[in-house]
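Novice: So the chains spell out like this:
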Amino acid sequence: MFEFCVEPSQLQGLTWLSCYLTTGKHMAFYTSFGTVLLLLALTAPTALLFGFCGAVASRSAIAPLRWIGRTYVAMVRGVPDIVFFLFVPIALDQGFEYIRHMALCPEVTEPIRRGNDFVVCTAAKLPLNADPQWMHETYGFLLAVLSFAIVFGAFAGNTLRGAFEAVPKAQIETAQAYGMTSRQLFWRILLPQMWIYALPGLSNLWAILTKATPLLFLLGVEDIVYWARELGSMKTSAFSYPHPNWQLWYFLGLLVFYLLLTWVSDRAFARLMARFNLGQGRTGSDTAAAGVGR
Amino acid sequence: MKSLIKGTVAGMIVSVALSGMAMAQTIRMGTEGAYPPYNFINDAGQVDGFEREVGDELCKRAGLTCEWVTNEWDSIIPNLVSGNYDTIIAGMSITAERDKVIDFTQDYYPASPSFFVAMSGQSVDLKGGVIAAQAATIQAGFVAESGATLVEFATPDETIQAVRNGEADAVLADSDFLAPIVAESNGELEVVGQERIGGGIGMGIRESDGDLKAKMDKAIGSMKADGTLNTMIKKWFGDDAATF
Amino acid sequence: MSCLATIQAYGLRSLGIGERLLPKTDITLCEHFVLIGSGMIWNVYFGILALGFGFWMALALAVGKNAHSPLLRLPATSFIFLFRGSPLFIQFFVAYQLFVLLPKVGVAINLGFVEITAETRWLTRAWLGAVIVLFMNTAAYAGEIFYGALRAVPKGDVEAAAAFGMTPRQIFWRVQCPTMLRLAWPSYTNEAIFMFHATTLVFFSGFPAWRQAGDALYYANYIADKTFNPFIAYPVVAAYFILLTLVIIGLWGLAEQYLNRHLPHGQRRRTRIRLPLIR
Chain F
407 MFEFCVEPSQ
417 LQGLTWLSCY
427 LTTGKHMAFY
437 TSFGTVLLLL
447 ALTAPTALLF
457 GFCGAVASRS
467 AIAPLRWIGR
477 TYVAMVRGVP
487 DIVFFLFVPI
497 ALDQGFEYIR
507 HMALCPEVTE
517 PIRRGNDFVV
527 CTAAKLPLNA
537 DPQWMHETYG
547 FLLAVLSFAI
557 VFGAFAGNTL
567 RGAFEAVPKA
577 QIETAQAYGM
587 TSRQLFWRIL
597 LPQMWIYALP
607 GLSNLWAILT
617 KATPLLFLLG
627 VEDIVYWARE
637 LGSMKTSAFS
647 YPHPNWQLWY
657 FLGLLVFYLL
667 LTWVSDRAFA
677 RLMARFNLGQ
687 GRTGSDTAAA
697 GVGR
Chain C
4 MKSLIKGTVA
14 GMIVSVALSG
24 MAMAQTIRMG
34 TEGAYPPYNF
44 INDAGQVDGF
54 EREVGDELCK
64 RAGLTCEWVT
74 NEWDSIIPNL
84 VSGNYDTIIA
94 GMSITAERDK
104 VIDFTQDYYP
114 ASPSFFVAMS
124 GQSVDLKGGV
134 IAAQAATIQA
144 GFVAESGATL
154 VEFATPDETI
164 QAVRNGEADA
174 VLADSDFLAP
184 IVAESNGELE
194 VVGQERIGGG
204 IGMGIRESDG
214 DLKAKMDKAI
224 GSMKADGTLN
234 TMIKKWFGDD
244 AATF
Chain Z
9 MSCLATIQAY
19 GLRSLGIGER
29 LLPKTDITLC
39 EHFVLIGSGM
49 IWNVYFGILA
59 LGFGFWMALA
69 LAVGKNAHSP
79 LLRLPATSFI
89 FLFRGSPLFI
99 QFFVAYQLFV
109 LLPKVGVAIN
119 LGFVEITAET
129 RWLTRAWLGA
139 VIVLFMNTAA
149 YAGEIFYGAL
159 RAVPKGDVEA
169 AAAFGMTPRQ
179 IFWRVQCPTM
189 LRLAWPSYTN
199 EAIFMFHATT
209 LVFFSGFPAW
219 RQAGDALYYA
229 NYIADKTFNP
239 FIAYPVVAAY
249 FILLTLVIIG
259 LWGLAEQYLN
269 RHLPHGQRRR
279 TRIRLPLIR
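Chains as they are written, first to last, in the working numbering: chain F, 407 to 700; chain C, 4 to 247; chain Z, 9 to 287.
It is possible that some hints are incorrect.
[Claimed, not checked] Only part of the chain F face toward chain C is listed, based on derived beta-carbon distances under 8 Å:
| id | residue |
| --- | --- |
| 1 | GLN418 |
| 2 | TRP422 |
| 3 | LYS431 |
| 4 | ILE496 |
| 5 | GLN500 |
| 6 | ARG635 |
| 7 | GLU636 |
| 8 | SER643 |
| 9 | ALA644 |
| 10 | HIS649 |
[As the list claims (entries may be wrong)] In silico lysine to aspartate or glutamate, EDC-like type, Cα no more than 20 Å apart, as pairs:
| id | chain 1 | residue 1 | chain 2 | residue 2 |
| --- | --- | --- | --- | --- |
| 11 | F | LYS431 | C | ASP106 |
| 12 | Z | LYS32 | C | ASP46 |
| 13 | C | LYS63 | C | ASP46 |
| 14 | F | LYS641 | C | ASP214 |
| 15 | Z | LYS32 | C | ASP160 |
| 16 | F | LYS431 | C | ASP102 |
| 17 | F | LYS431 | F | GLU409 |
| 18 | C | LYS221 | C | ASP46 |
Source of the hints: derived by calculation from the structure; they are not laboratory data.
Every value quoted in this text rests on a predicted model; they were computed, and no experiment measured them.
Backbone N, C-alpha and C fix where the C-beta goes; we use that ideal spot for every residue, glycine too.
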């Protein structure tokens, strides 16, 4: 980074530190904060979509759809997220490649599972052989987003289902009395009214989601925990910047990052809540009660 | 880089069609990136170490283009068989258990002993004391069977730390990993014993990938024959290291 | 080995009872279930202790955060912010690092009939250290839940109780606390589920496993490492946790019925509806 960093072993004190903190690896560490924020930004709407589908399905009048919705919400909620992340992403990846294999190389007759190996034809690989590294990274990242969205979609589904049920019966009856069809009722009454009940739960969910991001390294994404571990671990003189085990300091840095993130999101949700409450004829304390929990 | 999940490249050497063409095949090399001097991430953020150098040379000789990816040690084999990368080159000893699931090339690093390291000047009972090891390593398996009390940590760093802070009496790990740490501890740590566990280190390859294995075997053979491999071993592990 | 023999050998392996060596090759489905089930003992142990002690601490935190005096309010608020604002993963790491720094000493504790020596090195073991971290974590989350519910207790109830001449202490225990629990219960059920899920992090990131005695995820990891197949061991853990979650929902549901026993039948579930479900 700086010109005086050419010979790290000659450096002392602050100069050493300024060079140390600007190595390529540290830059990757700083970038990974962006990765985490990007993951959050992509996962939140995706999970909301999954949750919405789950909630609507579990309230559906069509029995099989209802079972699917309920099973999804109940099953995924029952499994700890770490356990889920340890096998579902690999399964998803294999699933996608399997489908592509079926579609793209019907002529290949050899089995896909050969002993322990999972082998699909070259054209079915995701991403392809020849694709550059950034595509592999992006694919891995998107798979992580999908895995997070499946898990948190189940929780969002639970919250949204509760919110649908919380819309006052009287409003629904009034709408029916006006002769609204069930479709109209859903779009004009249920959906707009439901958000006010869902928001506290969703803000909670956001808080849990942010707290789950340290598990990203399990999904093969080089996130802040990966780099904090890597940078903090003891470095012998084989490295340009030898130092003892500094992991504690790096982790304390992450702690500060997460506290800040929580603080900012708490404030944002408080504002959003205040806006939603306008014209709702509810007291602030009611929503305070609703806003409890993780 | 890394990737549990990443889709995967080249892999399948279904490339009969490709082999005649000038275009080099892309092979993804899976490593851990946290096991110096075998493999580690250097200050520029790149995979570096003995295996990086060997791997790049092997790819050159085999006429392959290589991409390096890192993966958690715990899931390094499942991701190989699932096709997320094509080789494991991560200081992995050739063992019978692993050989059942994946294939190994011939060894590119001879079997080296594992060291017991403890605080200097303490008498340690290696058969009955508390021995730290990284979880899911052959050393952990060895300690579990030796009768000593095994304490397993997620990372190798934590095992050293456990010895320093008195949680464990000694740590059992690969000698090449421990030697520089002991050397730089200003006499605080010392080697108190050694044990031969496991065979040499080879490259892990899917069982269905016979072509790639043959190519790599041939490349390793040629590096052994002309002495380049020994030069690299000496460069990374010192002049006393065992060579071919 | 028959499955019954496997249960005898490994059923209590996580407590250090039974066969000393874990199976190494050809791990059967039965061994999957038995070993991982044995590990579940620890998950249940961590969960019960953390929730059991955490409940009372959470009450104290909720009252503290709701207090007028900044002397009570500030510590409670900061505690909740610190533990709710940071990932448990990092809390475990930092706590373990701090625990190993403590000097290794014994503290004699006189229990009246017997004197035991509590050692600070116990803190570096999962059975105590991890319980403390989980306890503080759940106390903070539940404290926030209870605090929100406490603020939603109708003012009229409190004023009526005061008019009856109840002391503040009586008002809290007889009026505020029961209503608060009723309001908070659905969220608290979720918190309990999450707490049990969080116990899988103990050996995964924070604390070392001694003598290969660990929790369900530890054994699943061990098996996946031996079989190189993640598609059996981890789903087995998942199945156990789905069962455990159903049990928790059942137990917490019973408690909810008890809390709402004064309501007529049709309305028993009303509080659930009033309080948008959290997680």
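Novice: Against this structure, judge whether each hint is valid.
Specialist: Okay, the hints, checked on the actual structure:
Violation of the interface hint for F/GLN418 is found here, the shortest Cβ-Cβ separation to chain C being roughly 18 Å, above the 8 Å cut-off. At about 13 Å, the closest approach between the beta carbon of F/TRP422 and any beta carbon in chain C exceeds 8 Å, and the interface hint on this residue is violated. Hint status for F/LYS431 relative to chain C: holds, with the closest Cβ pair at about 5 Å, below 8 Å. Interface restraint check: F/ILE496 against chain C, minimum CB-CB distance 5 Å, threshold 8 Å, status holds.
For the restraint placing F/GLN500 at the interface with chain C, the shortest Cβ-Cβ distance is roughly 6 Å, inside the 8 Å limit, so the hint holds. Annotation: F/ARG635 was flagged as interfacial toward chain C, and the flag holds, the nearest CB pair being 7 Å apart, inside 8 Å. Look at F/GLU636: its Cβ gets to within about 6 Å of chain C, closer than 8 Å, so that hint holds up. A hinted interface residue such as F/SER643 counts as satisfied when its beta carbon comes closer than 8 Å to some beta carbon of chain C; here the least separation is about 6 Å, so the hint holds.
Because the beta carbon of F/ALA644 sits about 6 Å from the nearest beta carbon in chain C, less than 8 Å, this interface hint is met. A distance limit of 8 Å between C-beta atoms decides the matter here; for F/HIS649 the minimum to chain C is near 11 Å, and the interface restraint is violated. Pair hint F/LYS431 plus C/ASP106 does not hold up; C-alpha atoms about 33 Å apart against a cutoff of 20 Å. Distance hint between Z/LYS32 and C/ASP46 is unfulfilled; the C-alpha atoms sit about 39 Å from each other, more than 20 Å.
Only pairs whose Cα atoms come within 20 Å are accepted, and C/LYS63 paired with C/ASP46 is rejected, the gap being roughly 25 Å. Distance hint between F/LYS641 and C/ASP214 is unfulfilled; the C-alpha atoms sit about 38 Å from each other, more than 20 Å. Between Z/LYS32 and C/ASP160 the CA atoms are separated by roughly 26 Å; this puts the pair beyond 20 Å, and the hint is violated. With a C-alpha separation of about 35 Å, the suggested pairing of F/LYS431 with C/ASP102 is violated against the 20 Å cut-off.
A threshold of 20 Å between alpha carbons decides the hint, and for F/LYS431 with F/GLU409 the separation of about 17 Å falls inside it, so the pair holds. Among the hinted pairs, C/LYS221 with C/ASP46 is inconsistent with the structure: their alpha-carbon atoms are about 33 Å apart, more than 20 Å.
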